[in-house]
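Enquirer: Sequence:
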Amino acid sequence: MILVELDRAEQEREITVKGIKDGIAASTKKSGRKQGQLDKMSPELEKDIKKFLTDRSIKQIDLMNKYNISRNTLKKYIEYIANKKCI
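Going letter by letter, the sequence shown gives residues 1 to 87 in this note's numbering.
Hints listed in this document are in silico derivations from the structure and should not be mistaken for laboratory results. Note that the Cβ used here is the ideal one computed from N, Cα and C, for glycine as well.
Derived lysine-lysine pairs resembling DSS-like cross-links, with alpha carbons at most 30 Å apart:
hint, residue 1, residue 2
1, Lys-40, Lys-51
2, Lys-51, Lys-66
3, Lys-40, Lys-21
4, Lys-50, Lys-66
5, Lys-66, Lys-47
6, Lys-66, Lys-40
7, Lys-21, Lys-76
8, Lys-76, Lys-59
Listed next, with one range per pair, are the computed distances between beta-carbon atoms:
hint, residue 1, residue 2, range
9, Glu-5, Ile-61, 50 to 60 Å
10, Ile-2, Lys-40, 50 to 60 Å
11, Asn-72, Glu-44, 13 to 23 Å
12, Ser-70, Lys-21, 20 to 30 Å
13, Glu-5, Lys-50, 57 to 67 Å
14, Ile-15, Ser-70, 28 to 38 Å
15, Ile-61, Glu-10, 43 to 53 Å
16, Lys-50, Leu-6, 48 to 58 Å
17, Lys-40, Thr-16, 29 to 39 Å
Based on the sequences and whatever the hints tell you, model everything.
Expert: Pasting the structure below:
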C-alpha cells in the first residue's frame with residue numbers, strides 16, 4: 001500500500017515539474033524577453049555607477065532612491081558594469 005502511494009506521489013511530482021518547465025518555456029517565448037534582463041539600465045545610471053565605482057563618497061542608497069531600484073538590482077548592475085569594464 002505504501003509503495004503504491006509513493007509511486008503515485010512520484011508520478012504527480014513529475015507531472016507538476018514538467019508543467020512548470022513547460023509554463024516557463026511558453027512564458028519566455030511569448031513575452032519575447034530573457035529573464036533577468038537589465039530593464040532599468042539607462043545611460044545616466046550606467047554613468048553614475050561608473051562614478052560610484054571610482055568615487056566611494058557616493059552611497060548606494062542615493063543611487064537606489066534616485067533611480068527607484070532595489071538594492072539587489074543595483075548590485076546586479078554594479079557587477080555587470082564592473083565585469084564589462086574588465087573585458
